[in-house]
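Enquirer: Sequence:
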Amino acid sequence: MLKKLLQRNPIAKKYSNLINQINALENDLKTLNDSELRTKSFQLKKQYDQEQDLTSLIAESFAITREASIRTLGLRHFDVQLIGGLALNSGKIAEMQTGEGKTLVATLPAYLNALTRKGVHIVTVNEYLANRDQVSMGQIYRFLGLDTGLIREDMTGYQRKQNYNADITYVTNSEVAFDYLRDNQVLNIQDAVLRPFNYCIIDEIDSVLIDEARIPLIISNPVYTPIYKYITAAELTNYLELNVHFKVQEKTKNIILTSQGSKLIEEILNIQDLYNEADPWIPYILNAIRANTLYFLNVHYIVQNNEVIIVDEFTGRTMGDRRWGDGLHQAIEAKEKLPILENSETLAQVTYQNFFLLYPKLSGMTGTAKTSEIEFEKVFKLSVEVIPTAQPSIRNDLPDLIYKDQLSKWNAVAKECKDISSTGQPILIGTTTVEKSEVLSNLLNEYKLPYELLNAKPNNVRRESEIVAQAGKKSSITIATNMAGRGTDIILGGNVQFKIRKRLYNILVSYKNQSKSNNLNIVFPLLKKIEGSSQKFLSVLLTLINNSEFLSLSDEDILRVLNENDQLQVPKLIYQYSIKFLFNELIIFEKKRQKLDNKIVKNLGGLYIIGTERNDSRRIDNQLRGRCGRQGDPGTSRFFVSLDDKLLRIYGGPKIQKFMQSQFLDDSPLEDKLITKSLDTAQKRLEEDDYNSRKILLDYDDVLNKQRIVVYYERRKILESESVRDIIMSYAEQVISDIVLELRKDDIVYNKEFIAIAKNTFGKYLDLDRFEDIPDKFNMFSQIELETYLFDKFWFEYQEKLISLEIQQPGIIPFLERTIILLYIDRAWKEHLKKMSLLLDSVGWRAYGQRNPLYEYQEEAYQLFLTRNSATRFLVIFDMIRSSIL
Numbered sequence: 001m002l003k004k005l006l007q008r009n010p011i012a013k014k015y016s017n018l019i020n021q022i023n024a025l026e027n028d029l030k031t032l033n034d035s036e037l038r039t040k041s042f043q044l045k046k047q048y049d050q051e052q053d054l055t056s057l058i059a060e061s062f063a064i065t066r067e068a069s070i071r072t073l074g075l076r077h078f079d080v081q082l083i084g085g086l087a088l089n090s091g092k093i094a095e096m097q098t099g100e101g102k103t104l105v106a107t108l109p110a111y112l113n114a115l116t117r118k119g120v121h122i123v124t125v126n127e128y129l130a131n132r133d134q135v136s137m138g139q140i141y142r143f144l145g146l147d148t149g150l151i152r153e154d155m156t157g158y159q160r161k162q163n164y165n166a167d168i169t170y171v172t173n174s175e176v177a178f179d180y181l182r183d184n185q186v187l188n189i190q191d192a193v194l195r196p197f198n199y200c201i202i203d204e205i206d207s208v209l210i211d212e213a214r215i216p217l218i219i220s221n222p223v224y225t226p227i228y229k230y231i232t233a234a235e236l237t238n239y240l241e242l243n244v245h246f247k248v249q250e251k252t253k254n255i256i257l258t259s260q261g262s263k264l265i266e267e268i269l270n271i272q273d274l275y276n277e278a279d280p281w282i283p284y285i286l287n288a289i290r291a292n293t294l295y296f297l298n299v300h301y302i303v304q305n306n307e308v309i310i311v312d313e314f315t316g317r318t319m320g321d322r323r324w325g326d327g328l329h330q331a332i333e334a335k336e337k338l339p340i341l342e343n344s345e346t347l348a349q350v351t352y353q354n355f356f357l358l359y360p361k362l363s364g365m366t367g368t369a370k371t372s373e374i375e376f377e378k379v380f381k382l383s384v385e386v387i388p389t390a391q392p393s394i395r396n397d398l399p400d401l402i403y404k405d406q407l408s409k410w411n412a413v414a415k416e417c418k419d420i421s422s423t424g425q426p427i428l429i430g431t432t433t434v435e436k437s438e439v440l441s442n443l444l445n446e447y448k449l450p451y452e453l454l455n456a457k458p459n460n461v462r463r464e465s466e467i468v469a470q471a472g473k474k475s476s477i478t479i480a481t482n483m484a485g486r487g488t489d490i491i492l493g494g495n496v497q498f499k500i501r502k503r504l505y506n507i508l509v510s511y512k513n514q515s516k517s518n519n520l521n522i523v524f525p526l527l528k529k530i531e532g533s534s535q536k537f538l539s540v541l542l543t544l545i546n547n548s549e550f551l552s553l554s555d556e557d558i559l560r561v562l563n564e565n566d567q568l569q570v571p572k573l574i575y576q577y578s579i580k581f582l583f584n585e586l587i588i589f590e591k592k593r594q595k596l597d598n599k600i601v602k603n604l605g606g607l608y609i610i611g612t613e614r615n616d617s618r619r620i621d622n623q624l625r626g627r628c629g630r631q632g633d634p635g636t637s638r639f640f641v642s643l644d645d646k647l648l649r650i651y652g653g654p655k656i657q658k659f660m661q662s663q664f665l666d667d668s669p670l671e672d673k674l675i676t677k678s679l680d681t682a683q684k685r686l687e688e689d690d691y692n693s694r695k696i697l698l699d700y701d702d703v704l705n706k707q708r709i710v711v712y713y714e715r716r717k718i719l720e721s722e723s724v725r726d727i728i729m730s731y732a733e734q735v736i737s738d739i740v741l742e743l744r745k746d747d748i749v750y751n752k753e754f755i756a757i758a759k760n761t762f763g764k765y766l767d768l769d770r771f772e773d774i775p776d777k778f779n780m781f782s783q784i785e786l787e788t789y790l791f792d793k794f795w796f797e798y799q800e801k802l803i804s805l806e807i808q809q810p811g812i813i814p815f816l817e818r819t820i821i822l823l824y825i826d827r828a829w830k831e832h833l834k835k836m837s838l839l840l841d842s843v844g845w846r847a848y849g850q851r852n853p854l855y856e857y858q859e860e861a862y863q864l865f866l867t868r869n870s871a872t873r874f875l876v877i878f879d880m881i882r883s884s885i886l
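No gaps in the numbering here: position 463 of the sequence shown is 463 in full-length UniProt numbering, and each next residue is one more.
Simulated from the structure, these hints should not be mistaken for laboratory data. A few of these clues could be false.
Across the chosen pairs, the derived CB separations fall in these ranges [what the hints assert, rightly or not]:
1) Leu559 / Gly632: 52 to 58 Å
2) Leu294 / Asp154: 31 to 37 Å
3) Gly632 / Ser475: 20 to 26 Å
Just so it is clear, CB atoms sit at the ideal spot from N, CA and C, and this is done for glycine as well.
Sequences are here, hints too, so could you generate the full structure?
Expert: So, in C-alpha cells, the structure goes:
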C-alpha cells in the first residue's frame, strides 16, 4: 500500500522512512501478550524521562498504539492514517476527507505526547463528540496504562480539575477557553482547574479557529438595563421606511440613519438629540432596526422556552451559552416580544485565536482546510498537509444548476428528490437555515415523500446522531442545516449500531412492561418471534426480564445503558452483562444483512448530495460534498442555486443579474460556466473579506492580548506565592515615588492641594503634616531623600498595622494581603476592558482624519494600561492601610 501512496502523493514520501519503521515493528508487537505490550508503554515513559525528547519514540509509540487499537477496538490504522498522525505530531493541520478516520488518527500523536505526563487536550466542537471519542478511543489509552478525562458543561470545579489532570482530556473548545478565563478570576490557587498547557489537537480546526473566531468569548456580570428603551425602539421601527429613514449595508450588517430618519425619531420620542451622551437613544434605535432587517427567526436564531437562542450559521447548531453583545440580543428579544434579560459588563474575554496560541504545541484536523491555508499559516504558523485517501475517491461532483428564482429552485429540488428516491438511492440535502429546511420539508410532504429533518429545533437535535448515521439507508431522504462537525459517519446501507440500539430498546421496554404486569403468558410466545435471535439469546432475554434490578429501571435508564454499551468492557451488574450479550448477538445477525444493503446502495450510485444554496465559504460547500464518496464509495453531489440567492444577490453584481435574467425563457435550469465562475469569485471575495475582518479583529485583540498575558501572569504569580508582602512593599514604593514626583512640582497652590489629598488617602502613614509648613521648599530635598523618608515612615506604620491585625486574628495577614491585591487587579482589569471597548468603538472614526486607527488604538491602549497599573497599586495600598477585622 505504501508503494502506491509514494507514487501518487508527495506527503507519503516525506514520511515514508517513519512509516517503514512503524510497520517493521508490527510483527514483533503481535507476539507480545497484553501485559507485555503494556510494559512496553511504561518503558517508553521511562525513556522519555531520561531523554526529554519524543523524536526517538515516534515509531515505537505509533506501532504500540496501532497494536492496542487492534486489540481493543478491532481497528488497525492504515498507512494513510499513520501519515495523518505524523502530520499532527509535527504541529500541522491534517486535511483528511470525511470517513477517513480522523478520530482514530488522533490517538497516535495523543498517546505519544501523553508520555510526557504534561497532558494532552483533544478539542471537539460539541459535547457529544467529546463524550463519544473519550469512551471509544479511551479504550486504547487505558489499555496502555494511561488515564483519560472528559469535561462536561455540568461538572463542578473539583471534577474538572480531576479530568484536566488526566493524561489525555477530551473537551469542547468553549469549555476549555471558559475554564481558562475562570481560572484567572479565582482567589485561591486550589480553585484553578487547568494545569499548564502542553499539546492540543483540535478536531474540525477550521470551524473553531476560523468560523468561530470573529466573536470573542466573554464572562460577564449583569448590569442595569433600561428595558423601556428596547421596547420603545422596537415599536418605533414600525414607523420607519427602508431607504427613506435608514439604509442597510447587508455586507457589513451596518445600519445608517438618514437625516430624515433622525428628525422623525427625535420628533416621535420628543427629544432634542439622539446622540446625547447623558441620555443616548441612538444605540437602541440602530439595534432595533438591525434586529428587524438583518436578523431573522429560524435563520439566525430560534425561540425556545421564551428565550432567543442563537443558531450557528456554519454548523446549524444552537449556541445556548452565547448572546449577541452591545444590546443586539435585547433588541431581538424586544422584537419577538419576549422577556428582556439584563445587559452585562465584561469581566474577562479572549478570542479563540489568542487562546489556542497559548499552547506550546498545536495541531488540528479537518476535511476542509486547504482553502484557508494562507490564514492558518499567517495567524497560527500552521501549515496544511493534505493526507491521501486510503482508497481513490470516485465521487462525481456535477455542475451547478441555476434557476431564475427561489420558487423554481425549491420546486426543482423537491422534484429531484422524488425522481431519485424512486430508484432507492439515498439523498442528503444541505440547507443553510432552519427556515429553508422547513420550506423543503413542506414541499416533500406535498409529494408524500418520507424524510428525516435535522435542524436546530430541539426535537430534531436530540436525534442528531441517529439521523446522520442512517442517512445512507436505501430510499432515505435526510434534510440537514449544514453538516460541519456532525461527527457521525454516513454508512451506505445504514448504521448497524444505531439500528440495533433502537431495536433492542423497543424489545427490552416492551418485555419489561409486560413482565412487570405479570403477562408472562404473552411474553413466552413472543420470545420465539424475534428475528435473528438464537436459543441462547431468548434464554438470556428471559433471565433478564425476571431480573429485579432490570425491572426497576425506567425507560430512560434502559436507553442510557444502551448508549453506554460500548464502554462496558467489563459490566459490573448482571443485567448490564445480559444487555451487552443481547446487543452483540443482534449485531452479528444484522451485519450480514447490512453487507447486502451496502452493496445494493453502492450499485444505486451511493449517497446523492443536494446543496440548496452555495455557502459563503467554499469550505462549507466542500464539507457537504465530502459526506458522500467516503472510503472509495461511489457518490454524487450537485448544487441547486438561484439568481436571488444571497451570495449572487450581494456579491454577484448587477451585470450578472441582468445578463442571466435575459437567459431564462421558462423555469428550466441553466448549467452556465459564467454563473459558476461568478459564484466561485463571489465566494473567494467573501472569504477575503471575512479573512480581512478577522485579521483586523486579531490586530486589535493582540494589543489587549499582550496586556491580558501580563495581568494574568502577575495574577498567577500572586496566587502561587506563599506571601505577597514583597509585592505590597513594591506597590508602596511606586506609589510613594509617584507622590514625590507630584510634591516636587514648582507650584505652591498645587502642592497644598496635593498634600491634602495625600493626607486624606494615607493619613498618618506618610507623616505629611510636617511638610505643610514648607510646601515651597520640597526641592531642598533630593528625590531619593524624600522617597526614603516617606517609605520608612510608611513601613513602620504598616508593620504596626499588621501586628494589630495579627493579634485580632492570627494567620489572617497572608490571606488578607493576597485577596485585596487580587480583587483590585480584577476590578481594575474590568474597568480597563470597558475603556478598551469604548476606545475600539471610537478609533474607527479617526480614519476620516487621515490617522491610522490601529496606531492610535495601540498608543492610547498603552496609556490606559499604565493608568490601570497605577490605579491598582494606589487602591491596594489605600485599602490595606484601612483594613480592619470586626
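Enquirer: Given a hint of 31 to 37 Å, does the C-beta separation of Leu294 and Asp154 actually sit inside it?
Expert: Check passed, 34 Å falls within 31 to 37 Å.
Enquirer: Does the Cβ pair Gly632, Ser475 satisfy 20 to 26 Å?
Expert: Since Gly632 and Ser475 have Cβ atoms about 23 Å apart, the given range 20 to 26 Å holds.
Enquirer: Could you tell me whether the CB distance from Leu559 to Gly632 stays inside 52 to 58 Å?
Expert: violated, 35 Å
The structure does not agree with numbered hint 1 stated previously, though it agrees with all others.
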